[in-house]
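J.: Using full-length UniProt numbering, you'd call the opening residue of the sequence shown number 1 and step up by one each time.
Calculated directly from the structure, the hints in this document are not laboratory data.
Here are the simulated DSBU-like pairs of lysine-lysine, each with C-alpha atoms no more than 35 Å apart in a straight line:
1) K1130 with K1041
2) K454 with K1006
3) K1072 with K1130
4) K979 with K1093
5) K328 with K812
6) K805 with K1006
7) K604 with K536
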Amino acid sequence: RPPGNGAESKGTVTLDGNTYDIAKTMRYNQPSLDGTATFPQYWSIRKTSGSANNQMNKMSGTIHVGKHFDAWSKAGLDMSGTLYEVSLNIEGYRSNGSANVKSVRVYENGLGDNPNPGTTTPVQTVKADANGNYFTSTFESGKDNWTGRGDATVATDSSDYYDGSKSLYVSGRGQEWNGCAISLDSGAFVPGQTYSFSTAVLQKSGKTVTMQMSLQQGDGNGASYTSIATADAKSNEWTKLENTKFTIPENSGDMILYIETPQDSGDLCDFYIDAVQVSESGKASSVKTGGGTVSESSTPTPTPGGDSTPVPSGEGVAAHQNLDYTYKKGGSGFKDHAGPLFRLGTSVSAGEINTSQGQNFIKQNYNSVTCENEMKPDSIVAGVNGDNVNISLRNADPILKFAEQNGIGVRGHTFVWYSQTPNSLFQENGRDVSADRMNKRLESMIKNTFAAIKQNYPNLKLHSYDVCNELFVNDGGGMRPASNSGWVRVYGNDSFVINAFKYARQYAPKTTKLYLNDYNEYMSAKTNDLYNMAKKVMAEGDYIDGIGMQSHLDSRYPSASEYETAIKKFESLGLDVQVTELDITNSTGSNDKLYPQIFEVIAKHAKNISCVTLWGTTDERSWRYRENGGSPLPFANYQPKSFYNDIIKILDKYSAEMEKATTTTTTTTTTTTTKPATTTTTVDPKVALEAKVSKWGDANKDGTVDMGDVVLIMQSLANPNKYALTDAQAANADVNQAGGGVTTNDALTIQKFLLGLVKSLPESYAESIINPPVVTTTTKKATTTTTTKVVTTTTTKAPTISGEKLSVGNGKNQYKGTSDGYSYEIWLDNKGGSGSMTLGSGGTFNTEWSAQVSSGNFLARRGMDFDRTKKATDCGKIVMDYAADYSASSQGNSRLCVYGWMTDPLVEYYIIEDWVNWRPTAQGGSKTVTIDGAEYEIFTLDHYGPTILDNQSRNFKQYFSVRKSKRTSGTITVSDHFKAWADAGWNIGNLTEVALNVEGWESSGKANVSKLTLNVTGGSTGQTGQTGQTGQTGTTPTVDKSKKLCAISFDDGASATSTNDPGYRIINALAKNNMTATFFNVGSWIKTNEQIKYEFEKGMEVANHTQTHPHLGQLGSQQIRSEWEQCNSKLKGIIGTEPSHLMRLPYLESNGTVQSALYDIPLISCAIDTKDWNNASTNDIVNTIKQAAQNGSLEGAIVLCHENYATTAAAMEQVLPWLAQNGYQNVSISEMAKAHGKTLAGGQVHTRA
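Use the sequences and the hints to build the structure in full.
T.: Here you go:
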């Protein structure tokens, strides 16, 4: 309740029938009408609130604002100021919500005698019929305009009815509010008037269920909902649901009458309605509870239906499968038994992936993950602006990072879905957009999602994506209706399905396969729906790769044979099949039998099934934990159940059969063709695109690239009718994924270019530009002769098996992952040739290559990945021991070297130990250094080519150490090379990897690395970007990983002018308890440099809180970036080295503009706020921290404090010793992230580490 603790009470006043508390608070150095200032706040707060959490609250009333001013004056508050504004305000703090303000009127001279000027009373234009009825529904001739609501579907039924011979049957209810609905005529039904509503309702759940009739007024966030009548309906008994005198509330909007079960009742039973009567007030219906006809039959069966358009056959299943996954042959993990048959995955939440137990379980048992909710539309759509859909992967980030770092594949889920999709995607100004605009938004959503994945997770194995999910009604029988799908509502047909697949194929990585996914897919009607829709998409071209069978089963239904029937139907399409969300509940107590049976069916069809995903890791994390007897997964508490071994036996059996069958004798046809006269035209879109560009980035065509171009791009996206770009302007503006169309990413790229973060434009090209099509015209018929010979071929389904041979060539260019604690990569460019790499124990490997073609390039390497958060010189002592037998051909050249990358700045580095034929040489000055007893020549080169960031070509530096006397074994102190480069004045970036690399250029050769170990010891405090602490006078406390870690952090420095001030007291309290912390400093508020130096010398993390502490959300991108850079520069000048790149958000405020402008800066909020800024006492602060420690929420939490309060300093002097005694250590945010194995991503808001 505002204004919180610490307010100065000024008494109470009763106005407009309500009692208010009067209060005064102070704001110090905060934004105001006159800039940053100190000023009072005056408050009147109602004693009782009219609203409640998590519900729509209907608020209205009259407020005599002037009388509040009078009351404040009488209470002694200074009211001498000039009035600036009176407004109705809706404000949220760390919350979400919605409001629909239907009317605000402000009368400067008071209300007078008319409190509602200008209002009109609605007029009824449609009267009741001669019987006093406005309408009745008997369902004798159909559904009578009733529709399903939410997930529910409706159909007429002739087995159960109250009158006549039919009723309306309602099924498929996923939530209580799902039911049946009908729109009310606004000419007949007028707010403020009274009516009679009645119906007969029947349910057959086996228990008594409360049924409810309700009224909806308006739609979207502004809708209101009112209960008309409720009745307790016994099972198998028609029950009267009636209110003969219901007055429609005076709310605006269209009206919908609907039947449901009460909120939070948990009752989702099917039901029937009949004999609906809506009449004049006071008229009762003839329905009597207990009447009507009730059958003993089960629920009705929907009629199958759907499109059956014939289409050409495909090219075979193999072309639609991604089989790039790893497993350990003979390993004990679930994935290792399944590996020869298919990829095995699980769904996982961001919460679970942040636990070590969850991570270890997944790494042991699965080689694929699906985000449970974090990649659904409501999680990734960050806003809609005209035709552009902004995408944020913040929610999915921990899962995608974990997968990328561990070489685990990802199934993307999902784009087009009727559920969990924000209504803003479909609407503008409260109305549905046109189908044409929706197409542009659909394309933008898909394009921007794949672009964000590529940019942020360049090494992610995104093997599959559900393009469309759950298109059809629950049990099949056609598309979901417009009332149940925003997609159908906007388009009016199913054309969006084909559009979605076309856009997905256009923008998805070539290795990402595309799926149509649904549940109840084993029911014949739904099977046919999926089959027919897939054929429809296939008729348009090669846009779909497979069917996703969700497979939410129960031990009662379906049987294994029924399930197999569906698989066979989908196999007949010639597409891949994936099992995407498998779980089996246990209503009959026999899912221990059905699970092995289902796996046997899947194993039998494994050649056509590329991936099987279980929906959850363990029972406790399953959404079906308590449904139908629960027990839905093969694991509970991360332990296998008894039938797990039965599944393993089946997998091993079919794996052995597959391996036995992989060596086969086949007949291969060799065709010799007499070359016809052929004209081949290579279409080069890049040349054509560049011909349209007068100056990259110059969107307004004024001859320069500046913020004016950024503004025009954003205006054109926000209001294309007013600020439409010409074709020439659009060509200039398209600088991100050039050739893919103008998006907000183009505006961001121009800003990065202006800031020097992008060296040249365009930043990147679209896939369609990089890989242009070839059009061939044949003008003369070819002649063909054919000979046949018999060859023996060996095939394996999963080409990458840990400990075995990885081969590149013939279209396969790369394998990358982690095995036995060491990263590995084998790579061959697309010029031709071949190569192989066999992984040994530890870091050992052997490799062979043949790339004796023009510009042929090959490499194989193993080593260690780093998290890119620390400068290479801050990563401690890095020592590599190696031994290799290495040789290469006289043609071309080759090298044996230590290899890796740095970022910020971007650097590719080499420590070359041996080479054949040629080695890089300095093109300017060079130096000689002695490291490990040998001389190395060190020099830099400028290079242009692909990078680790996004595989896009750009300019960057290369750093070289070349050994003057070659060798193939020994010890390399890698960190000494980093230090030598730094001493030479080279800029050292954040380390990404250290690897032993074998590389060949236009050559052939082989190497056997029989020994490879990497040891890392020491290092700095782990601060993100903070370097240069070697000369500090204090000692940085080491992180004790045996303790629970927390990060109490301090804002608004440097505030001290004396060593007795709170800032110094806090630093000393931390140092005394062998602890560190992060101090976020405001550049323009720093009172003395000495405090910054002192906290740095004591091992504290010196971090950024902007230059002036503004509301960043009110600034433009360039101003936001400048706020960070000015403060960073000032801190660097004080401590003499790069400070931490972490930035605390002023006021903890962020939005899409902030995150885009600071895309490379980790943005820090908090998980726990001590409220010291809001006058919390010393005891309040101490108790907040102690309670969090006692309930477990403190561990891993970022805690917000401020260094300029004496109460905070006193609290630290008390609570830090208590934390130490209770097994906690306070550390800096970067230290905690490192200790927990986390990377704090740039452009993302972090509350824990």
